[in-house]
Structure formats: C-alpha cells, structure tokens
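Engineer: What follows is each chain in one-letter form.
Number of protein chains: 2
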Amino acid sequence: MIEHLAILGATGAVGREACGLVEERGLRFGRLSLLGSARTAGARITVAGETIEVAEAGKSGFDGVTHAIFSAGAERSQRFAPIALGAGAVIVDNSSAFRMDAGVPLVIPEINPDDLRHHEGIIANPNCSALIMDVVTWPLHRVNRLRRIVVSTYQAASGAGAAAMQELVDQSRAVLRGERPVPNVFPHPIAFNLFSHDSSIGPDGYNAEERKIIQETRKIFHEPDLAISATCIRVPVRRAHSESINLTFERPITPEEAREILAAAPGIRVVDDAESNRFPMPLEAEGRDEVLVGRIRQDASQPDGRGLGLFACGDQLRKGAALNAIQILELLAEAESE
Amino acid sequence: MIEHLAILGATGAVGREACGLVEERGLRFGRLSLLGSARTAGARITVAGETIEVAEAGKSGFDGVTHAIFSAGAERSQRFAPIALGAGAVIVDNSSAFRMDAGVPLVIPEINPDDLRHHEGIIANPNCSALIMDVVTWPLHRVNRLRRIVVSTYQAASGAGAAAMQELVDQSRAVLRGERPVPNVFPHPIAFNLFSHDSSIGPDGYNAEERKIIQETRKIFHEPDLAISATCIRVPVRRAHSESINLTFERPITPEEAREILAAAPGIRVVDDAESNRFPMPLEAEGRDEVLVGRIRQDASQPDGRGLGLFACGDQLRKGAALNAIQILELLAEAESE
Chain A
287 MIEHLAILGA TGAVGREACG LVEERGLRFG RLSLLGSART AGARITVAGE
337 TIEVAEAGKS GFDGVTHAIF SAGAERSQRF APIALGAGAV IVDNSSAFRM
387 DAGVPLVIPE INPDDLRHHE GIIANPNCSA LIMDVVTWPL HRVNRLRRIV
437 VSTYQAASGA GAAAMQELVD QSRAVLRGER PVPNVFPHPI AFNLFSHDSS
487 IGPDGYNAEE RKIIQETRKI FHEPDLAISA TCIRVPVRRA HSESINLTFE
537 RPITPEEARE ILAAAPGIRV VDDAESNRFP MPLEAEGRDE VLVGRIRQDA
587 SQPDGRGLGL FACGDQLRKG AALNAIQILE LLAEAESE
Chain B
287 MIEHLAILGA TGAVGREACG LVEERGLRFG RLSLLGSART AGARITVAGE
337 TIEVAEAGKS GFDGVTHAIF SAGAERSQRF APIALGAGAV IVDNSSAFRM
387 DAGVPLVIPE INPDDLRHHE GIIANPNCSA LIMDVVTWPL HRVNRLRRIV
437 VSTYQAASGA GAAAMQELVD QSRAVLRGER PVPNVFPHPI AFNLFSHDSS
487 IGPDGYNAEE RKIIQETRKI FHEPDLAISA TCIRVPVRRA HSESINLTFE
537 RPITPEEARE ILAAAPGIRV VDDAESNRFP MPLEAEGRDE VLVGRIRQDA
587 SQPDGRGLGL FACGDQLRKG AALNAIQILE LLAEAESE
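Those protein sequences? They're chains A and B, same order as listed. Quick note: to get my numbering, add 286 to the position in the first sequence (first position is 1). Quick note: to get my numbering, add 286 to the position in the second sequence (first position is 1).
Worth flagging that the hints you see were computed from the coordinates, not collected in a lab. It is possible that some hints are incorrect.
[Said to hold, decoys possible] Label-pair ranges, simulated between beta-carbon atoms: (1) B:429 / A:464: 40 to 48 Å; (2) B:561 / A:468: 20 to 28 Å; (3) B:489 / A:537: 20 to 28 Å.
These numbers come from a predicted model, not from an experiment. Heads up, the beta-carbon is just placed ideally off N, CA and C, and yes, glycines get one too.
Throw the hints in and build the complete structure from the sequences for me.
Structural biologist: Written out as structure tokens, the structure is:
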C-alpha cells in the first residue's frame with residue numbers, strides 16, 4: 287500500500303488519465319494529493335468518490351508524500367524532483383528529463399521490471415512511441431534476437447497534451463466551416479493534415495522524438511547497439527499512436543510463430559484478421575490497456591526469412607503514459623510490502 | 287495535337303482533375319468528349335471555357351476518339367478498352383486493369399518515357415503510391431543502385447474517389463457533433479482514425495495496394511528483383527499521400543549528395559528545413575504538381591553509410607493520377623507529331 291501519493295500535473299491529459307486509472311485499478315493508497323501550477327490550482331477532480339482540490343505544487347506540496355507521479359513536462363520535473371526527493375518521495379517521472387540518466391531505471395513492467403530494484407528515488411516512464419513499439423517487439427526479441435528495427439509512427443494529438451487535442455477539434459471545425467486552420471499548440475495545421483514531429487532536429491537529421499525511440503529502446507532492452515531507425519509523424523487522430531514496424535531478426539522467423547508469441551505475451555492483443563480486413567486502428571485502441579498488433583507478415587524485402595512486418599496501435603495516454611506509470615507504482619508498492 | 291480526346295469517368299475525382307489539367311496545361315486538342323455512366327450522364331463540366339455535357343460511354347461514346355483517359359476503375363477499363371481500341375483510340379488507363387500486362391507500358395514520364403515507344407494501344411498510369419515513391423527514389427537509384435526499399439504510407443481519402451473524400455468530411459462533422467461515424471465508402475471510420483488499406487490481403491499477408499507498389503516499381507524501374515516492403519495505411523487527410531521511405535543503396539551515400547540529386551531532378555521539390563522544422567506536409571502538397579521530399583537523413587540503423595531516410599508528399603489526384611496521365615498524353619502527342 288502507498289502511504290501518500292501525489293500526482294503532479296493532475297489537470298493535464300496524462301494526469302487526468304492517471305487519476306482515472308488510480309480508481310479503475312483499485313490502487314491502494316492512504317492519501318492522494320493532486321498538484322498543479324498556480325494556473326490550475328483550485329480545480330477539482332473526483333477520484334474514487336472523493337473530490338480533491340488541485341494544490342499548487344510549490345514547496346510544501348510534497349510534504350509527507352511517499353510516491354509521486356510527475357506528468358507536467360520535463361522542465362517541471364527538473365524543478366520539482368529535488369523537492370519531492372527531499373521530502374522522501376519516490377518519483378515515477380513521465381517526462382524525458384531523467385530517462386537516459388545512468389542511475390534512473392527506465393521501466394516497462396512487461397519487459398524489465400527487475401530494473402526497478404536499483405534506483406535513487408526516480409524511475410522514468412518511457413516515451414509513448416518507444417513504449418508501444420517495445421511492448422510488441424520485446425516478446426519476439428526474447429525468442430529471436432532483433433538485429434534491426436525500422437519504424438514509422440502515426441502519432442495522435444494527445445502526445446502534445448490536452449490543449450493539442452482541443453486544437454485538433456477546433457481546427458477541424460474551422461476547416462469544415464471553410465476557414466483556415468490557425469496553428470497554436472502545434473507549429474503546423476493538424477486538422478486533415480500531418481507533419482514530421484515538431485521536436486528539434488539534431489545534426490544527424492533525427493528529431494528528438496525519434497532519438498527517444500532509438501535510445502530508450504536500447505536502454506529498456508539492455509541492447510546498447512541495437513540498430514533502430516525511426517520516422518515520427520503527427521497525424522489528425524485523438525489519442526492512440528500507431529506504428530508501422532519492420533523487423534530483422536538474427537534467425538528466420540515465420541508470421542505464425544510471431545503471432546503465437548505475441549498472442550501469449552502480456553499487454554498485447556493480436557488483431558490480425560486478413561479475411562475481414564480487420565487490423566489495429568486508433569479508434570479501437572482508445573481507452574484500452576493493451577497494445578493492438580496485426581498485419582503480422584513475412585517481410586517481402588528480406589527473402590532469407592529473417593524479416594517481419596507489423597502494425598501496432600496503443601492508447602498514448604494509457605499504456606503510452608499513465609497506465610505504465612501506475613503499473614510501475616504497483617510494482618513498487620508490491621516490492622515494498624515484501 | 288490530339289484530334290479527339292475522351293475522358294472516361296469525367297465526373298470522378300481524378301476525371302475532374304484531368305479536365306482542369308487539360309485547361310491548365312494548355313493541352314492542344316481538336317475535340318473533347320466527357321464520358322460517364324448512365325448515372326452521371328447529363329452532368330455539365332466546363333473545360334477551357336467550353337461547357338461539355340457528360341455522355342454515357344456506351345458503345346458509340348468512343349466513335350472517332352483518337353486518345354482516351356480512363357479513370358473509372360478497373361472494371362470499366364476492362365469493359366470499355368476493347369471498344370475504345372476498336373474505335374482506333376490510344377488509351378491512357380488510370381486503373382490497375384492492365385498495368386502488369388506484358389504488352390502494356392507502365393510509365394512515369396520523369397522515369398521511363400522510352401517505354402512509350404512500344405505499346406498496343408494501352409498505356410497504364412501507375413498506382414498513386416507507387417508513383418509518388420518512384421518519382422523521389424528514381425533519381426537516387428540512377429546514381430547509386432537501390433538494394434532495398436521499406437515504405438510506410440499515409441494515404442489520403444481521395445485515393446478512394448470523390449465519395450470517400452466526402453465521407454471524410456461528413457464523418458468528421460458527425461464526430462464533432464458527438465455522433466458515431468457511419469462508414470459507407472470505407473469499411474472503417476476514417477474521421478480521426480486510420481486503418482490498414484482496405485484492399486484484399488493475399489496469402490503472403492500483403493494487401494493489393496502494397497503489392498502494386500512492389501510490382502509496379504519493379505516494372506517501371508526495369509528492376510524485377512528490387513527488394514521492396516510496403517505498408518499502406520489510410521489516414522484522415524483529403525488529397526495528398528505521404529510516405530516514409532527507408533532506403534538501402536549499393537554504395538554509401540550522404541544526405542548532402544541525395545539532396546543535391548533530388549533538387550536537380552524533375553517533378554520534385556525539396557522541402558527540408560531542419561532549423562524551422564519545415565518538411566513535406568499534405569496541406570502544402572495539395573494542388574501542386576511536384577512531389578515534395580524532405581527529412582533526408584543518413585539512416586541511423588545502417589552504420590555502413592548505405593542507408594537513407596526520406597519523407598515525401600504528393601497530390602494523389604495530380605501527380606498521383608491525372609497529371610501523370612496528361613503528361614503521358616503530351617508525350618504521345620509529341621511523338622506522333624515527329
């Protein structure tokens with residue numbers, strides 16, 4: 287049982303999802319604090335029948351807190367981590383602030399729960415696109431080592447927060463009225479459009495989101511040299527990310543073998559009905575815990591049988607963010623009670 | 287000069303675009319017939335200042351026709367090709383009906399114009415996704431032979447015709463009103479969703495659209511063994527297709543080299559501004575003749591320097607269909623006047 291849980295960024299898209307999941311999963315806790323900025327403080331959120339007022343995080347917000355979920359962006363994670371750690375809290379951080387730090391485990395419970403054993407107070411929750419890809423590739427990698435991953439993403443608006451989701455709605459309305467979409471949260475129109483993920487481009491030509499997929503997957507898999515190439519694209523979808531994944535394995539693998547492995551793996555639902563043309567779709571991944579995977583086929587461009595193609599969809603706010611964080615909390619609580 | 291041009295499927299999305307392009311490009315012709323089905327006959331379309339009534343194709347629709355653009359689907363192409371050929375017409379067929387036939391050249395004027403020299407009355411216009419990919423990969427392939435292509439598409443509604451474009455609008459309105467989207471043209475909701483291309487899945491797990499990309503590219507490039515893998519996804523965008531393209535070459539190639547080659551190639555516009563995060567987008571490809579290409583970068587997963595990543599967008603109705611057909615007609619008219 288968690289003595290005193292705090293959720294920082296409680297009014298955000300991921301924070302609200304975390305509040306819902308605390309209730310839905312019956313997470314046992316003594317006390318719950320919801321924390322936000324000066325702007326969001328005073329908002330009221332009902333969790334497990336109790337209406338809680340969002341408090342300004344500030345200095346005293348973390349007093350007595352034993353466990354905290356941070357989902358207020360990298361900058362606020364940097365600012366509040368020392369305060370929460372000082373108050374004795376263990377932090378599950380949803381931002382990118384500490385993910386690649388040596389002393390910070392980066393954990394997907396279905397993949398590397400043992401990495402939770404050694405931490406210095408901060409556990410990082412992976413990037414949503416990395417998470418969704420990793421959940422469906424890890425079970426295959428365990429059986430037949432991955433040599434190369436080429437992924438192209440179809441990322442929902444939710445990854446940029448609640449305001450971005452609203453922007454998709456507002457812009458879509460404007461376009462349907464015959465007006466020009468006015469970008470505000472995103473740098474480019476999102477309604478009826480798509481664009482390369484707007485994170486900064488490095489000297490190698492990869493953007494920050496793509497680098498996260500590459501580096502975080504290597505850390506989570508404990509495969510520092512795994513060859514990965516990623517192209518991250520934002521699409522006019524609300525809250526589930528999709529990914530087209532092309533794989534190269536050490537040894538030949540058949541689609542039947544892969545389907546069997548994936549069907550037995552945790553956190554995955556195989557949706558692969560060629561006859562009725564039914565495969566993973568964001569609309570069907572929304573609100574679900576599992577990552578959907580389908581289009582499992584032998585890669586036509588690797589005639590040696592070592593290649594597979596997959597298509598996956600996962601709810602960006604659930605497994606892609608809040609659910610994974612709650613699962614980590616559950617594991618922490620379990621370990622502490624042992 | 288073309289003596290008597292007919293456009294079959296004139297009221298469809300591609301047919302209307304072709305009518306516009308006939309005027310825009312100043313195609314010289316003696317007479318223009320617009321042909322449709324019993325349902326669309328009687329519609330009036332203005333081309334180059336002249337309002338023309340759509341006639342039912344039937345048996346006499348092709349009388350005297352010297353050149354025809356077919357854009358009414360594979361079934362109607364099959365039905366009307368013998369009639370048009372019997373009337374002495376040369377057909378530029380936008381459907382998939384004859385593309386892989388041995389005696390039928392499959393032509394992209396920027397790539398294989400010489401294939402037009404030998405035909406038996408039918409010239410096939412390639413699949414839109416193949417076209418867009420081929421236009422941006424061919425100039426590189428000419429300089430440094432391609433070994434492997436892995437492509438994931440982001441395909442607009444227009445590829446399924448005018449009714450599909452309307453369905454995207456209607457469903458989006460419904461969803462924004464809080465209603466459930468009702469699929470009609472597409473088998474799955476398209477508004478705020480995406481799904482695997484709904485063409486039939488073969489025993490190899492690839493759908494018909496993916497097979498077209500693979501087989502047509504090999505035919506157009508005259509590279510029957512080129513390794514290609516494709517994943518085709520429909521997205522809620524109106525009329526420009528996007529493609530994430532991962533390439534492997536025979537020899538090392540740098541992004542600078544590729545950028546230079548692409549900037550000098552016909553039918554392409556390089557949009558690759560990392561500093562301001564400006565890359566190809568469907569909204570900016572709409573209504574343009576050129577295929578936009580950017581995100582040109584060394585592939586991180588091929589450390590031998592033989593890999594590149596690209597992202598391309600092209601107007602599905604223009605270069606992806608009607609424009610390429612008109613360009614073929616222009617080449618035919620030019621050759622005949624020699």
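Engineer: Would you mind marking each hint as holding or not holding in the structure?
Structural biologist: Here is how each hint holds up against the structure:
A beta carbon spacing of about 45 Å between residue 429 (chain B) and residue 464 (chain A) agrees with the range 40 to 48 Å that was offered as a hint. Under the hint 20 to 28 Å, the C-beta atoms of residue 561 (chain B) and residue 468 (chain A), about 23 Å apart, fit the expected range. For the hinted restraint 20 to 28 Å between residue 489 (chain B) and residue 537 (chain A), the CB-CB distance of approximately 23 Å keeps it satisfied.
The earlier numbered hints are all upheld by this structure, with none contradicted.
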